[in-house]
Amino acid sequence: MTIETGRPDNLAELLRAGAPALSARWVELVAAPLRGRVSAPELERELTELYAAVLAGVESGSRDVQAAPYAETRALLSDLSRRRARAGFTPTETAIGVFALKQALFELVDRAEVDGSLGDVAAFSLLLDNLGLLTFETYAKAREEVIDEQAEQLLELTTPVVKLWDGVLAVPLVGTLDSARTQVVMEKLLEALVSTGAAHAIIDITGVLAVDTQVAQHLLKTVMAARLMGAECTISGIRPHIAQTIVGLGIEFGDITTKASLADALRHALRRSGVDVVAAQRGR
Amino acid sequence: MSAPREDIPIGADEDVVRVRQIVRSFAQRAKLSLVDQTKLVTATSELARNTLTYGGGGTAVVELLGEGRRQGVRASFQDEGPGIPDLTLALTDGWTSGRGMGLGLSGARRLVDEFDLDSEVGRGTTVTVVKWSR
Ligand SMILES: Nc1ncnc2c1ncn2[C@@H]1O[C@H](COP(=O)(O)OP(=O)(O)OP(=O)(O)O)[C@@H](O)[C@H]1O
Ligand SMILES: [Mg+2]
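Taken in sequence, the protein lines are chains A and B. Okay, so the first sequence: first residue is 1 according to full-length UniProt numbering, each after it adds one. Okay, so the second sequence: first residue is 1 according to full-length UniProt numbering, each after it adds one.
Keep in mind that the hints were calculated from the coordinates and are not lab data. The beta-carbon is built from N, C-alpha and C at its ideal position, and this holds for glycine as well. Treat the hints with care, since some could be wrong.
Facing chain B, from chain A, some residues (calculated, C-beta under 8 Å) [as the list claims (entries may be wrong)]: (1) A75; (2) S78; (3) T206; (4) I242; (5) G248; (6) L249; (7) G250; (8) I251; (9) G254; (10) D255; (11) T258.
Derived pair list, reagent style SDA-like, types lysine to any residue, alpha-carbon separation capped at 25 Å [unchecked claim]: (12) A:K188 - B:K31; (13) A:K188 - B:A12; (14) B:K31 - A:D129; (15) B:K31 - A:Q244; (16) A:K102 - A:D129; (17) A:K221 - B:K31; (18) B:K31 - A:G175.
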């Protein structure tokens, strides 16, 4: 047997002999703070697997959790942390899964139920600290993934194409437009034009903070694409400070119809499709 | 107390959005009018995207300036990309080496009060703009 850290210990022996008592107590300690949010059989299965992996690593003689003998442990731990992160557990609740094994060993050694020296306990403690840090890392990564996914979903949700009238679609653009967002909105609008056969589309930018060349280019391309599909596109809600900035940049909207407000744009679209909107009291 | 300043690494699309948000909040602190805020935000959006697209990423530095009674915002964009071989051409309306509108640089220059472009082929590009409150 090779001992990489140069510190001989009896850890493997200790973990093998104490296995039933240790893993049982471990499950108990982890289950308490999670209070039924992970089912008992599931937790038992997770931890039994993990225990076996840790034991295999320890038996190799290595105490370096980044080393090859701990590959299985790392894989199991990162799966577990990822599941916890996704299920909404806190980092503490996640890491406790590892640290509780330490406590289990302390208790059993303290009550002399297993035979462990101070050196063994210290070695194990260090090992588990490092594994605990690993769970934090995976947890953080998994949370980031969740946040990214949510941002993407939000993107999908916050780009509604609405039908204002028979044959008239509108899409309100809101907030800070990045390339991805503008692209999604524009694609949705074109898809909606196809599926509804609408002849008019209104892109309302009242809620947009700034129009730069990239946003302008997306707008222009969408209007051109809509035209190719036989639909007319109007841009509405260009507020004065945005208009001045667009002019300053040198962007020209050419022959694209622009209207001050969404209402004006709708009136324009209706007139083009042969509907005239007049005030009721002015009727003859 | 040191002057308010923010360094923003530019390495991805969302960093361009972050630059815009930070510039907007600095512009509000400098009490720029809504038009001037929008002009500065739009100009820096162009420069940040150039840093990303052509400079291969870099850094933005946004600072609050105080000079007598007027306040302003300076934003500087620095990259170590290929540089710009022909500055006059790059500043020509409608000229692009890529697939843009070719209005970012020239338009940004029109939207700000001070504009400084420094580029060396093979070394990189730095563009600095300032907008003052009126
Ligand atoms: N940081 C940079 N590094 C290298 N080249 C640059 C940099 N910034 C601009 N350029 C060059 O200058 C040209 C003009 O830039 P400009 O921003 O005016 O237009 P664009 O980015 O091509 O299109 P637009 O900004 O209108 O979408 C670019 O096509 C590019 O060749
Ligand atoms: Mg550009």
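Verification of the hints:
| no. | hint | in the structure |
| --- | --- | --- |
| 1 | A75 | violated (29 Å) |
| 2 | S78 | violated (25 Å) |
| 3 | T206 | violated (14 Å) |
| 4 | I242 | holds (6 Å) |
| 5 | G248 | holds (5 Å) |
| 6 | L249 | holds (3 Å) |
| 7 | G250 | holds (5 Å) |
| 8 | I251 | holds (6 Å) |
| 9 | G254 | violated (12 Å) |
| 10 | D255 | violated (17 Å) |
| 11 | T258 | violated (17 Å) |
| 12 | A:K188 - B:K31 | violated (38 Å) |
| 13 | A:K188 - B:A12 | holds (24 Å) |
| 14 | B:K31 - A:D129 | violated (51 Å) |
| 15 | B:K31 - A:Q244 | holds (19 Å) |
| 16 | A:K102 - A:D129 | holds (9 Å) |
| 17 | A:K221 - B:K31 | violated (35 Å) |
| 18 | B:K31 - A:G175 | holds (21 Å) |
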